[in-house]
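Hey, can you work out the whole structure from these sequences and the hints?
Chains as they are written, first to last, in numbering that gives the first Met the number 0: chain E, 0 to 409; chain Y, 0 to 409.
There's no promise every hint is true.
You can't tell identical chains apart in this list, so a pair holds if it fits in one copy or across any two.
[What the hints assert, rightly or not] Calculated cross-link-like contacts (lysine to any residue; reagent style SDA-like; alpha-carbon spacing at most 20 Å): (1) Lys69 <-> Arg250; (2) Lys183 <-> Arg83; (3) Lys286 <-> Val182; (4) Lys311 <-> Asp395; (5) Lys345 <-> Asn400; (6) Lys311 <-> Tyr398; (7) Lys387 <-> Leu404; (8) Lys311 <-> Leu404; (9) Lys292 <-> Ile228.
If you are wondering where the hints come from, they were derived from the structure by calculation, not from laboratory data.
Below, each chain spelled out in residue letters.
There are 2 protein chains.
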Amino acid sequence: MLKGNAVVGQSGGPTSAINATLSGVIRGCADANKCGVINTLYGMKNGIEGLLSERLVDLCSHFFDEEWLKTLETTPAAALGSCRKKLKSYNDDAQTYEKLLSIFKKFDIRYFFYIGGNDSMDTVLKLSDYAKNNNYELIVVGVPKTIDNDLMATDHTPGFGSAAKFVATTVSEIFRDVNVYTVKAVTIVEIMGRDAGWLTASSALASLAGAGPDLIYLPERSFDTEEFIEDVKAAMEKNPAVLVCASEGIRFADGEYVGSGGQSGAVDAFGHKYLSGTGKVLENIVKERLGCKVRSIELSLPQRCAAHISSKTDIDESVGVGKSAVSLALSGKTGVMATIERCDGKEYSVSFGVADIRTIANEIKTVPERYINARGNGVTEECMEYLKPLIVGENDVKYENGLPLHVIIK
Amino acid sequence: MLKGNAVVGQSGGPTSAINATLSGVIRGCADANKCGVINTLYGMKNGIEGLLSERLVDLCSHFFDEEWLKTLETTPAAALGSCRKKLKSYNDDAQTYEKLLSIFKKFDIRYFFYIGGNDSMDTVLKLSDYAKNNNYELIVVGVPKTIDNDLMATDHTPGFGSAAKFVATTVSEIFRDVNVYTVKAVTIVEIMGRDAGWLTASSALASLAGAGPDLIYLPERSFDTEEFIEDVKAAMEKNPAVLVCASEGIRFADGEYVGSGGQSGAVDAFGHKYLSGTGKVLENIVKERLGCKVRSIELSLPQRCAAHISSKTDIDESVGVGKSAVSLALSGKTGVMATIERCDGKEYSVSFGVADIRTIANEIKTVPERYINARGNGVTEECMEYLKPLIVGENDVKYENGLPLHVIIK
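Written out as structure tokens, the structure is:
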């Protein structure tokens with residue numbers, strides 16, 4: 000078994016469960032340390048960006064520190080810090096790869112764990128290829144993370160269940176709120192998800208509490224203003240308070256984002272267009288066309304950091320997939336991502352698997368057709384069955400001064 | 000002791016604790032029913048609006064139903080429904096008063112409990128005056144409720160503590176989120192509070208978790224764009240991720256709302272201007288002047304309905320003030336509001352008191368000067384001491400299918 004040190008990093012947008020996965024990696028490495036395989040586990044501050052400037056923290060002091068690890072598991076956002084750096088190809092930026100190699104050698108790093116979304120898996124792919132081509136023995140394992148649930152090869156992604164629980168809970172509470180009055184009113188909730196509607200679909204779970212949205216619009220279907228107005232009118236016939244959940248990423252038939260009206264066309268480091276304002280645009284459409292009271296609510300950042308309402312199923316699995324990544328590494332797998340597989344059977348259960356990184360990096364898993372109703376304004380029973388178990392269970396969040404306790408890694 | 004029936008209603012904007020107060024009134028009336036004083040307790044659907052159309056529900060079946068009452072106490076929004084109806088003066092609308100009187104007589108209503116904010120206390124005042132002037136023996140007691148904490152004569156208002164806990168928790172989670180990157184970025188959190196900055200001030204409590212905002216702007220001080228830009232620049236010198244909390248109600252020195260830019264000047268039934276967009280305006284100012292990454296987040300409705308993160312102190316006191324309102328009524332007090340008084344001593348404790356409704360109705364209690372720092376961009380230690388105990392404690396929220404369990408009153 001390859002002996003040496005390990006490094007773990009977090010990358011991309013934070014989630015409520017990304018630190019649970021970090022805890023899983025620490026737990027796995029602690030065991031490997033006991034067996035004499037992994038000597039030191041370093042944490043890279045701000046992902047690959049920090050690694051390049053050797054900003055490393057020694058995480059060994061937290062091995063077997065159960066209280067600290069438990070608190071880490073319900074601490075939102077990347078405790079090691081994150082980055083949005085995308086590695087260029089070797090041909091375009093050989094220098095960065097050479098620098099990384101020299102750092103790996105300097106710190107005798109043989110295991111590289113990277114917790115992130117599809118952009119981060121691209122880094123895993125490039126690094127594992129580079130190490131192989133340069134005959135440096137390095138095991139590179141990706142660990143999935145994204146509230147968007149849009150990674151291939153895994154039944155669902157760590158972080159999604161907690162975001163879904165926040166969305167469903169918040170939608171159920173908003174439902175109670177908007178139903179106190181008797182006047183006609185439309186409330187539009189804008190939910191994250193650039194290209195995949197998983198998180199928006201999870202708003203349907205609020206119906207399990209009798210408090211679900213009337214209409215749900217996902218980016219997988221093109222948005223039609225006339226149909227939307229018809230849908231709202233029909234819903235209002237049944238109940239004066241109409242609740243609409245819409246993905247930030249819905250587009251018109253011509254491909255233009257509904258929310259791009261007020262936008263500058265600015266893009267992030269990966270060329271993704273900055274989105275916002277979808278709810279506002281729908282609010283204005285309703286105001287103009289129906290003239291009734293209307294309000295839009297953008298759920299915004301709390302979707303990915305409201306760890307106080309994280310899903311126990313998600314946190315447990317996030318720890319599990321982190322530990323599983325270490326097991327995969329120890330068994331010599333490289334250029335792979337740890338996955339979650341849903342087991343067959345009536346009762347929900349999962350096992351942890353593995354997938355070749357090449358099938359994942361830069362790919363997006365969208366909500367399948369069979370999960371969306373014919374009209375394109377709601378989800379199917381099959382979708383509900385898929386989503387239901389992911390938000391089950393509450394975590395034992397510790398509080399101090401009335402506020403959730405978080406762990407800080409200096 | 001006056002014998003007969005009682006009616007309870009909820010009015011104005013919902014809170015996470017308004018049903019806890021309803022539970023308190025039910026608990027109080029259950030005891031009074033046992034003693035043979037109150038026969039039936041009716042709930043008016045949608046406040047005074049529903050009372051006028053005799054939409055009453057019999058609440059006696061819930062007397063002593065501990066499980067139901069406990070779930071009611073963590074159910075957000077007005078379970079009886081609410082309204083925004085403001086009674087005109089008797090001279091302007093004698094008909095409505097006469098109708099109400101006939102309904103009181105028809106249902107032998109002798110006790111009238113109204114849970115609401117300052118607008119609702121105006122209803123309490125008018126009704127008690129009218130009953131007196133018409134020699135109809137009616138005890139009218141107001142029970143405070145508002146996330147704004149802007150009612151006179153009470154140390155704080157039921158509902159505020161839970162909203163403050165949601166705000167402080169969410170701000171602490173947003174702090175973790177925005178601090179994962181190393182790039183310069185400003186995040187602006189817009190918080191409810193039209194005229195009083197109490198809820199915005201409570202964002203400072205996040206500093207107890209080491210995750211407080213850098214800058215806090217309350218409507219009690221006029222907002223100066225140049226000072227704001229200076230403040231943001233200075234904060235950025237210390238930490239690249241700048242977190243700003245601003246009240247929706249901040250105004251420029253000339254009295255114009257910062258957030259009124261994109262507004263139509265529309266007003267609600269009480270003549271209050273609809274506000275929104277304050278965060279967006281500040282976002283645009285930062286974008287234009289500093290050119291760095293900037294995002295605004297409007298906390299919106301969850302501030303008043305996120306009952307899953309309600310404050311135990313608030314819920315316990317909200318039940319207590321509801322019960323206290325019944326005691327006041329049984330002792331013959333009318334035209335009054337039940338209040339919360341903070342006891343002297345090092346340990347936080349409260350007792351329940353009473354205030355003449357005339358000192359409360361249509362008045363607003365703002366954040367005092369000594370609670371705001373000299374620069375007007377933060378709160379003082381004295382303010383922190385006042386706020387701290389109000390968010391302490393977590394409620395035993397029941398979950399089903401991963402969602403908070405709510406009670407519904409049909």
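Fill in: Violated constraints from the hint list, given by number and in increasing order
1
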